[in-house]
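K.L.:
So the sequences go chain by chain: E and S.
Heads up, the first sequence is in this note's numbering, so the first residue is 1 and it goes up one at a time.
Heads up, the second sequence is in this note's numbering, so the first residue is 260 and it goes up one at a time.
To be clear, the hints were calculated from the coordinates, so they are not data collected in a lab.
Any given hint could turn out to be false.
Per label pair, the in silico range of CB-to-CB distance [claimed, not checked]:
| hint | chain 1 | residue 1 | chain 2 | residue 2 | range |
| --- | --- | --- | --- | --- | --- |
| 1 | E | F87 | S | T544 | 52 to 60 Å |
| 2 | S | A532 | E | E178 | 53 to 61 Å |
| 3 | S | G422 | E | E74 | 30 to 38 Å |
| 4 | S | G422 | E | P209 | 33 to 41 Å |
| 5 | S | A395 | E | E254 | 47 to 55 Å |
| 6 | S | H415 | E | E75 | 55 to 63 Å |
| 7 | S | S453 | E | Q92 | 44 to 52 Å |
| 8 | E | F87 | S | A532 | 30 to 38 Å |
On a predicted model such as this, the values are computed, not experimentally measured, just so you know.
Yeah, the Cβ is synthetic: ideal placement off N, Cα and C, and Gly gets one too.
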Amino acid sequence: MDTDTAAVEIRRSIIRAAGGPKGAHVGGSLSCADILAVLHFDVMGERDTFILSKGHAAPALYATLAVRGLLEAEELDTYARPGSRLFGHPRQGIPGVAFPTGSLGHGLGLAIGTALGERLDGGTGRVYVLLGDGELQEGSVWEAAMYAGTRGLDNLVAVVDRNSLQITGSTEERAGLEPLAGRFAAFGWETRDVDGHDTCALSAAARGPAQRRPLAVIARTVKGSGVPFLEGKTSSHYATLRPELVRRALTAVEARRPT
Amino acid sequence: MTTTPPDHAAPGTDPRAAYRDALLRLAEHDERVLCLDSDTGGLENTFGARFPDRYLNVGIAEANMLSVASGLAARGYRPYVHTMATFATTRAAEQLKLDVVGNALPVGVVATHSGLSATHLGTTHYALEDLAVVRALAEMTVVVPASGAEVGPALHAAHRRPGPTYLRLGRSATPDIRPEDAGFELGSAATLRSGTDATVIAMGPYPVLMALEAAHALAWEGVSCRVLQVHTLVPLDTAAVLAAARTTAGIVTVEEHRPQGGLGDAVAATVSAEHPLPHRRVAVTGEVGVVVQEHREALEAADVSAAAIRTAVAHVIETGRGNRHDWPTLG
Numbered sequence: 001m002d003t004d005t006a007a008v009e010i011r012r013s014i015i016r017a018a019g020g021p022k023g024a025h026v027g028g029s030l031s032c033a034d035i036l037a038v039l040h041f042d043v044m045g046e047r048d049t050f051i052l053s054k055g056h057a058a059p060a061l062y063a064t065l066a067v068r069g070l071l072e073a074e075e076l077d078t079y080a081r082p083g084s085r086l087f088g089h090p091r092q093g094i095p096g097v098a099f100p101t102g103s104l105g106h107g108l109g110l111a112i113g114t115a116l117g118e119r120l121d122g123g124t125g126r127v128y129v130l131l132g133d134g135e136l137q138e139g140s141v142w143e144a145a146m147y148a149g150t151r152g153l154d155n156l157v158a159v160v161d162r163n164s165l166q167i168t169g170s171t172e173e174r175a176g177l178e179p180l181a182g183r184f185a186a187f188g189w190e191t192r193d194v195d196g197h198d199t200c201a202l203s204a205a206a207r208g209p210a211q212r213r214p215l216a217v218i219a220r221t222v223k224g225s226g227v228p229f230l231e232g233k234t235s236s237h238y239a240t241l242r243p244e245l246v247r248r249a250l251t252a253v254e255a256r257r258p259t
Numbered sequence: 260m261t262t263t264p265p266d267h268a269a270p271g272t273d274p275r276a277a278y279r280d281a282l283l284r285l286a287e288h289d290e291r292v293l294c295l296d297s298d299t300g301g302l303e304n305t306f307g308a309r310f311p312d313r314y315l316n317v318g319i320a321e322a323n324m325l326s327v328a329s330g331l332a333a334r335g336y337r338p339y340v341h342t343m344a345t346f347a348t349t350r351a352a353e354q355l356k357l358d359v360v361g362n363a364l365p366v367g368v369v370a371t372h373s374g375l376s377a378t379h380l381g382t383t384h385y386a387l388e389d390l391a392v393v394r395a396l397a398e399m400t401v402v403v404p405a406s407g408a409e410v411g412p413a414l415h416a417a418h419r420r421p422g423p424t425y426l427r428l429g430r431s432a433t434p435d436i437r438p439e440d441a442g443f444e445l446g447s448a449a450t451l452r453s454g455t456d457a458t459v460i461a462m463g464p465y466p467v468l469m470a471l472e473a474a475h476a477l478a479w480e481g482v483s484c485r486v487l488q489v490h491t492l493v494p495l496d497t498a499a500v501l502a503a504a505r506t507t508a509g510i511v512t513v514e515e516h517r518p519q520g521g522l523g524d525a526v527a528a529t530v531s532a533e534h535p536l537p538h539r540r541v542a543v544t545g546e547v548g549v550v551v552q553e554h555r556e557a558l559e560a561a562d563v564s565a566a567a568i569r570t571a572v573a574h575v576i577e578t579g580r581g582n583r584h585d586w587p588t589l590g
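Hey, can you work out the whole structure from these sequences and the hints?
P.N.:
Shown next, in the form of structure tokens:
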């Protein structure tokens, strides 16, 4: 499937999840829909590993795994409903889920261990980890960043979903992250700063070879991306969409389907 | 069976040195073994010199070390992480819970400076709650050797088990309780001294030594005291604990930890469900680390002493007499 079509399918599933009885982390799932589509349907190969550090984007991950055929599409409709294994944060045992995540600040360290293991095995696979930007306020992320830079882990790619919003407002008003690329660079990483909804730019940025350095892709995104009434709104962080809003959102997303 | 307490002035095996040697031997036999270090010193010239590719010093970053170890273990490696007990548990508790135990990964957490063993370094370096943390995580093998001589056998035995292990070591040498060739069976409590009146269940270097001393002294007063050494806190040898409950008047537990969440709680949970009887806990109480003391002296000031054990034994026998009539009279 081409990445733009995959992104539409992922957004559709996110919206359906948010239309369920418990709602969903819709804003931060939509903001990374294009990133997931590019990584899973363009950049990553069979030997590569994906780790979702921002575990609250589980609806986006489940949707991706369903498009990849690792989950049944019907199962997505069970999201957060009693009896379902599809919790609001991914748990172990779900096909395609490398580690349970959602407690923020764990994914980069787990990715480093996986990348070191790949290196020790003599393998050529890469490890892709998707981080949230608010998550970067956790100290353990920088413990990990420091170590990955020092070790020159050139089989590690961290993509930051830089939507600039957290639950209570702007990341820059809480504990500011800019200059974000500069911070990773200062820790010994190669960095690329791109429009996180430009799938071509993302594809080029995430696959580029980093010479003896890990790669951080700062993907500038819009929270709630693809659904105008959610875009750039803090309130999109966690929302339950009424049926009428689900219809409006699906229409908006469908308009982006490649013809 | 009677084990006489060793002379507590006699030098024992250094537990950290024993661990470094044991890990090297393990790594020679199992190429999956990796050593992860958080800049603790000592491993870079031993494991790091022998296996430079398998020695990863992540710096002073315990949370990241546990996440990295989990990633490696998920790929089939057997990482051993090395840090102080307090940092492995209360500092990096969530990484331990979610990344290591949550994924049931075979990460060995080698936790040094346990209890009050870092006496002179001060209260920030004491670990008196670590066992409560790892017991609460449930799916972790928890091993507490009673001396440096047990460290090697404990590490090798734990390596054969699946899933994560917590190996709790002291900072410095304490008297060797048992010779290294005495046999070490993970999950089995060792009867160091037979007895019929009360049972002292002890865990860790000085608690076991003090239990032997107390039992030795009590024997002169006509009290027959069993001493059971627990080196595997999880899984606990419940059969040995229940046998003690059924055949002696009461139980005293001794540990280098706060009373909450450690050996005393584990034993209490076992006996209260199956065979309730008087039980007193000798554990670290009160304020610690006010002035610099020697390790044993600091424990004694915190109410972990042979004298405290003797008092507790007398108390459980006295309490147990209410229901049973064949126990000796003390004093």
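K.L.:
Look at each hint and say if it fits the structure.
P.N.:
Structure-based check of each hint:
Separated by about 42 Å at the C-beta atoms, F87/E and T544/S break the suggested range of 52 to 60 Å. Checked against the hint of 53 to 61 Å, the pair A532/S and E178/E passes, with Cβ atoms roughly 57 Å apart. Evaluation of the 30 to 38 Å hint for G422/S and E74/E yields a pass: the beta carbon distance comes to about 34 Å. Taking the beta carbon of each, G422/S and P209/E are about 38 Å apart, inside 33 to 41 Å as hinted.
Between A395/S and E254/E the beta carbons are some 49 Å apart, a value that agrees with the proposed interval 47 to 55 Å. At roughly 44 Å, the beta-carbon separation of H415/S and E75/E lies outside the given 55 to 63 Å, and the hint is violated. Roughly 46 Å separates the CB atoms of S453/S and Q92/E, a value that falls within the hinted 44 to 52 Å. As the Cβ distance of F87/E to A532/S is approximately 33 Å, the hint placing it in 30 to 38 Å holds.
Of the hints listed earlier, those the structure fails to meet are numbers 1, 6, in rising order.
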